[in-house]
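Line by line, the protein sequences give chains F and U. Numbering-wise (numbering that gives the first Met the number 0), the first sequence opens with residue 0 and increments by one. Numbering-wise (numbering that gives the first Met the number 0), the second sequence opens with residue 0 and increments by one.
Simulated from the structure, these hints should not be mistaken for laboratory data. As the structure is a prediction and not an experimental result, all values here were calculated from the model. Using N, Cα and C, we set each Cβ at its ideal position, and we do this for glycine too.
Here are the computed distance ranges between Cβ atoms for each label pair:
hint, chain 1, residue 1, chain 2, residue 2, range
1, F, Arg20, U, Arg227, 54 to 60 Å
2, F, Glu296, U, Ser137, 20 to 26 Å
3, F, Ser267, U, Ser137, 52 to 58 Å
4, F, Gln298, U, Ser137, 30 to 36 Å
5, U, Asp167, F, Val300, 34 to 40 Å
6, F, Val330, U, Gly67, 52 to 58 Å
7, U, Arg117, F, Leu365, 46 to 52 Å
8, U, Ala110, F, Leu333, 47 to 53 Å
Computed footprint of chain U on chain F, listed as stretches where at least three residues anywhere in the stretch have a Cβ under 8 Å from a Cβ of chain U:
hint, segment
9, 9-19
10, 216-226
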Amino acid sequence: MNGRRTFAITKKVLRSLRHDRRTAAFLVLMPIFMIAIFGYTFGGEVKDVEIYVIDLDEGVGPVDLSNLVIGNLRNDGSVKLVGVVRTSDGLADPVSYGRDKVVAGEAWGCVVFPADFTSDMMAYSPGNSSAEAATVTLFLDGSNFNIMQTVSAAVGSSLTEVITDDLGMALPVSVAPDMVYGEGRNFLDTFAPGVISLAVMMVTFMISIISFIHERTTGTLARLLSTPVTEGEVVIGYALAFGLIGLVQSIVVMATALLMFGVQVEGSLLLVLLTVFLLGLGMQGLGFLLSANARTEFQAVQFIPIILFPSILLSGVFWPLESVPEVLRPVSYLLPLTYAVDGVRSVMLRGWGLEEIWPDLLVLLLFAAAVLTLSTILMRRR
Amino acid sequence: MENGTFVVRTHGLRKDYGEIVAVNDLCLDIPSGCIYGLIGPNGSGKTTAIKVLMGLVRATSGSAEVLGRDVPVKGKDQRVSYMPQELALYTDLTVHENVLLFAELNGLEPAHLEEREREVLEVVGLWDRKDALVGHLSGGMQHRASLACAMINEPALMFLDEPTVGVDPELRAGFWEHFRSLKAQGMTVVLTTHYMDEASRCDIVGMMHKGRLIAEGTPAELLRDSDRDNLEDAFLVFIRRCPE
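Kindly generate the complete structure, drawing on both the sequences and the hints.
Shown next, in the form of structure tokens:
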């Protein structure tokens, strides 16, 4: 690998942009445009959100109201009970155990029924001011606004249904959310990480697929390869240029999100930029790879919707993966954007660092290495 | 490369594209320091032969050697340059930026770059247009810019694929004058053309038809051997002699 030749390719790409002001403006303005437009149109139905239940309710005689609520939650399609811990399980501190599950990102929420849940509820009546209302604690990961709302709503409606419909009682309980992550965050905070990643992905993928097919159809690629430059140097030279473009874009979109929309970042901005840079590398490698399978620019652009639509819909950018039908979830896990969104969101909203998001970075790195290597091999096999 | 040696040698070179045989049993020995013209109609295999020699496409069978190195070679030789038939320049870059790119890819020393750039751009008459975008130049100027990029690395051997297609007569005369001056400096120029009148300007002519080399020699030898007074008629004689 010769650095001078590699950088000559990188400089060539960047110089082209300097002369093409419209494209340069597109690269900068499009992410801003995206964050502004999509910020107000976010929505989606959430299903199978994983939660834990800590049931310490001792009941009153044969009556155990928490069991009724749990049964109702099991039938609620929006949440999925991945674990129910009872007093009989013998944990020393079951409440901390449940909260830790949320802290570790193993569940989005944890519902805690206290020991006197049933007795407090049965003792309570609106006219009895001395009776204490039972309290269900709900630990929540608020890094995804939609999911947080879904869990709260599921627990609330299950309680209401059991108490008012099944028992014919007035509701003597209130839910006390305890935000593990995302305290005070709004809708835009939740979705900004996804849009930052999506904007970089869209632009690097589109310009790489079009640039490379242009190189091939105009004969410039063959001419480059008639010089001492190697296929690997061409690919890496391009990768550096598009990676840099992706980086500039993410800085622009981050600045927009921070300054104009007041989005907050809990973790390291550099880690966000690193994640986005790796995504940009991988997506432009994918652009090279797919353009090698097209003979014309028209054929090449046909790949754009094939990659973009699943990424937009299935990567957790606007809707959580839990809202993706199970049959399509394997596709979600094949998309590099899924890992970038998860990583960037965890850094921005949970304040996680390298020690937590390294699996996402590793997947992005492996993906980039694989597509860039394949692009080089395919170019050699011309 | 010393005079008297061969800069290009091929033996039984063949390139198939599926059912189509683009180059068939090509045997070439091109001596150093000459202008060698590979002539023939469109589709006769000239461009494919050049691309195989440049290592841009792999031969199906046979062997080839360029400047003493087997083709394809790992790591291209910066003493060889190539001007493709199509423009193959970055139209969104200036003439200077295109020349600079090919200079850097060929490992030209930065210290000599400015001087060399001025030299080649003055030769092709584009020094005063070096800051113009290639896309804003006329077709003739773009051709000259392309030739400048092929010359920037001071090659010992140049492959020029149809360098005069679409070039007006005045510019074409200028190109030929330049090819002769390159030859005078000891450079070997291998060019393809389908203009038979240009063949007479070459030192050696190889005539190609349906992928085969059907005749080779100096223009005078080819005329004598075919008993004709122009190379176009001579070409038709050699086609008739060629077994199908």
